[in-house]
Amino acid sequence: MADLSVRISSLVYHYPESTHGLEDFTLDVPCGETWGLIGPNGAGKSTLLLLLDGLLKPMSGDIEVFGQSMKQNGSVDSIRRRMGIVFQNADDQVFCPTVFEDVVFGPLNHGLSNDEAHDLAHEALSKVGLDGYESRVPQHLSGGEKRRVAIATVLAMRPELILYDEPTTGLDPKGREELIAILGQTDCTQIIATHDFEMVLKVCDKVALLSKGCCVKTGTPEEILFDKGLLDAHDLVQPSWLPYLKGMG
Amino acid sequence: MHPEIDRYAGLSSPIHSWDCGLKILGFSLLILVIATIDGLIATGIAFGLALVFLWVSKISVGFVLDRLKWVLFFLIPLFFLLPLQYEFGSGWSWKSENLGLALTITLRALAITILIFPMLGTAPFHRSMKSLQDLGIPKMLIQTFLFTYRYLFVYLDQLRKMRIAMKSRGFQPGFNKNSFKTYGNMVGMLLFTSFEQTERILNSMKSRGYDGHIRILYEPARQPLDWLKLTVLIILSIVLALGDRLWLT
Chain L
116 MADLSVRISS LVYHYPESTH GLEDFTLDVP CGETWGLIGP NGAGKSTLLL
166 LLDGLLKPMS GDIEVFGQSM KQNGSVDSIR RRMGIVFQNA DDQVFCPTVF
216 EDVVFGPLNH GLSNDEAHDL AHEALSKVGL DGYESRVPQH LSGGEKRRVA
266 IATVLAMRPE LILYDEPTTG LDPKGREELI AILGQTDCTQ IIATHDFEMV
316 LKVCDKVALL SKGCCVKTGT PEEILFDKGL LDAHDLVQPS WLPYLKGMG
Chain H
2 MHPEIDRYAG LSSPIHSWDC GLKILGFSLL ILVIATIDGL IATGIAFGLA
52 LVFLWVSKIS VGFVLDRLKW VLFFLIPLFF LLPLQYEFGS GWSWKSENLG
102 LALTITLRAL AITILIFPML GTAPFHRSMK SLQDLGIPKM LIQTFLFTYR
152 YLFVYLDQLR KMRIAMKSRG FQPGFNKNSF KTYGNMVGML LFTSFEQTER
202 ILNSMKSRGY DGHIRILYEP ARQPLDWLKL TVLIILSIVL ALGDRLWLT
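As you go down the protein sequences, you meet chains L and H in turn.
Here the first sequence is numbered in my numbering, starting from 116 and rising by one per residue.
Here the second sequence is numbered in my numbering, starting from 2 and rising by one per residue.
Please keep in mind that the hints were generated in silico from the structure rather than gathered at the bench.
For clarity, every value in this text was computed on a predicted model and none was experimentally measured.
Glycine residues also receive a C-beta, built at the ideal position from the N, C-alpha and C atoms.
Don't take each hint at face value.
Computed spacing ranges between beta-carbons, pair by pair [claimed, not checked]:
#1 P131/L x W56/H: 55 to 61 Å
#2 P15/H x D302/L: 45 to 51 Å
#3 K59/H x V252/L: 18 to 24 Å
#4 L79/H x N188/L: 53 to 59 Å
#5 L160/H x S257/L: 21 to 27 Å
#6 Q224/H x S228/L: 21 to 27 Å
#7 S18/H x P155/L: 52 to 58 Å
#8 N188/L x Y156/H: 32 to 38 Å
#9 G147/L x L66/H: 55 to 61 Å
Subject to a maximum C-alpha distance of 27 Å in a straight line, what follows is the list of computed DSSO-like cross-link-like pairs (lysine-lysine) [what the hints assert, rightly or not]:
#10 K321/L x K242/L
#11 K343/L x K317/L
#12 K343/L x K321/L
#13 K172/L x K332/L
#14 K230/H x K59/H
#15 K207/H x K186/L
#16 K207/H x K242/L
#17 K172/L x K207/H
#18 K289/L x K321/L
With the sequences and hints as input, model every part of the structure.
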């Protein structure tokens, strides 16, 4: 199954003293595709991303990333070298004194030399349009800029798989458009947990609808998002502009 | 405003340009010597030396004074209370020989506190920690310093937000049961929310390969001048220690 980035089989995870989690969750994500994870709050989207990054341990089931099972000893570290996660709140992700030091943090921790890390950081900042921001203090940046720094911190690790947890939350329209453009240009496998249906339509190749910890349906963005009955049945609201979009073809 | 100790790390001075590890080593030795001297004259010289180093470092005196107020909060009562002595029959009396002791303790504490600024305030904090790591200080201790420093800001941010939320709902602080109860709730919630955020920050660091070892784009390149500066500080420390024991008592 070399053409699969992620294979999730019968995954179960429960938070202590909570009804939220994942229940017998199964999903295959082929290499190079961008997948959107949609679902109401508490459906398990963020939990799934944390499990994929090895930050939570499943109670049962398995996750294979690029053919390597996360159950194998030491596999999490080697898998993490091939993937990155952009957290929902950029303030949790940018913690170094300057933008540049934050962006080189990942490459240096993954054992690259100072010169390599330096080059990758510049390349990543350039990709997200933040050339010249190297010595800026992350805490003093706008929400959109911080989010782009957070993405640069991940891009600098040259990941083959990127996980995004609600990347457009809290961004102004301009920042959101810039972010969508960045996601559209990224050529690796991407999994995006989001409530932003417009972004899903613009960026994603496939969508998985999550509800109560299960994967209810997968399909193209149009198949899932234009199905008002399906969305209603799982506590999602179809945006009023979506049917018009369908009418326009 | 955050209480960053390294706010003036970007300045240019002979202390800023000094290799971080040797600088910490030199100042630690001087601080250790000052902590052991007893004589008032030697302590006065140590206080003068601390002021000279502060002046050379170009760190704002106002910034240092603002931080010293917490030390003075404890020292000023001590300074006035130590010379006072209670004797049965005659009551309270002023012992002028204790005034010398009070002055010695005050000057010694101020000298040591002031020297912290040229030692740790003339380089980015994480670089100082990296230098400590290179000097062989246990990793666990450095992580504790690093996270305490990082999370202090997280706590302060949370506190600021909570105070705004309380004010916006008409909270008037006072010396009454209601205020104490509100403060108790605030501290409880502060610990809870900050703990969650620190977890998220740690997750973000782990996802980028953090394994407890600090890796930054800083390679110490020690020049002869760095060693010369260390030699000067060692000589000063020896002269101060010997002077206190042999000539200045």
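Exercise. K172/L and K332/L: Cα distance at most 27 Å?
Worked result: Given pair K172/L, K332/L holds - Cα atoms ~24 Å apart, limit 27 Å.
Exercise. Taken at face value, is the distance from the CA of K317/L to the CA of K343/L at most 27 Å?
Worked result: 19 Å, holds
Exercise. Does the hinted range 55 to 61 Å hold for P131/L and W56/H at CB?
Worked result: Cβ of P131/L to Cβ of W56/H: about 56 Å, so the range 55 to 61 Å holds.
For this session: Starting from K343/L, check that the Cα of K321/L is at most 27 Å away, please.
Result: Since the Cα atoms of K343/L and K321/L sit roughly 17 Å apart, the hinted pair holds (cutoff 27 Å).
Exercise. Regarding S18/H and P155/L, is the given constraint of 52 to 58 Å on their beta-carbon distance met?
Worked result: Hint holds: Cβ distance 57 Å, inside 52 to 58 Å.
Exercise. So does N188/L sit 32 to 38 Å from Y156/H, Cβ to Cβ?
Worked result: The hinted range 32 to 38 Å holds for N188/L and Y156/H, with Cβ atoms some 37 Å apart.
Problem set entry | Hint consistency between K172/L and K207/H [alpha-carbon to alpha-carbon, up to 27 Å] | Holds, at about 14 Å.
Exercise. If you draw a straight line from the CA of K230/H to the CA of K59/H, is it 27 Å or shorter?
Worked result: 17 Å, holds
Exercise. That 55 to 61 Å hint for G147/L and L66/H (C-beta), does it hold up?
Worked result: Distance hint for G147/L, L66/H holds at roughly 59 Å.
Problem set entry | Cβ distance range 45 to 51 Å for P15/H and D302/L, holds or violated | Holds, at about 50 Å.
Exercise. When you take the CB atoms of Q224/H and S228/L, is the distance between them in 21 to 27 Å?
Worked result: 23 Å, holds
Exercise. Straight-line Cα separation of K207/H and K242/L no greater than 27 Å?
Worked result: 24 Å, holds
Violation of the numbered hints given earlier is absent; every hint is satisfied by the structure.
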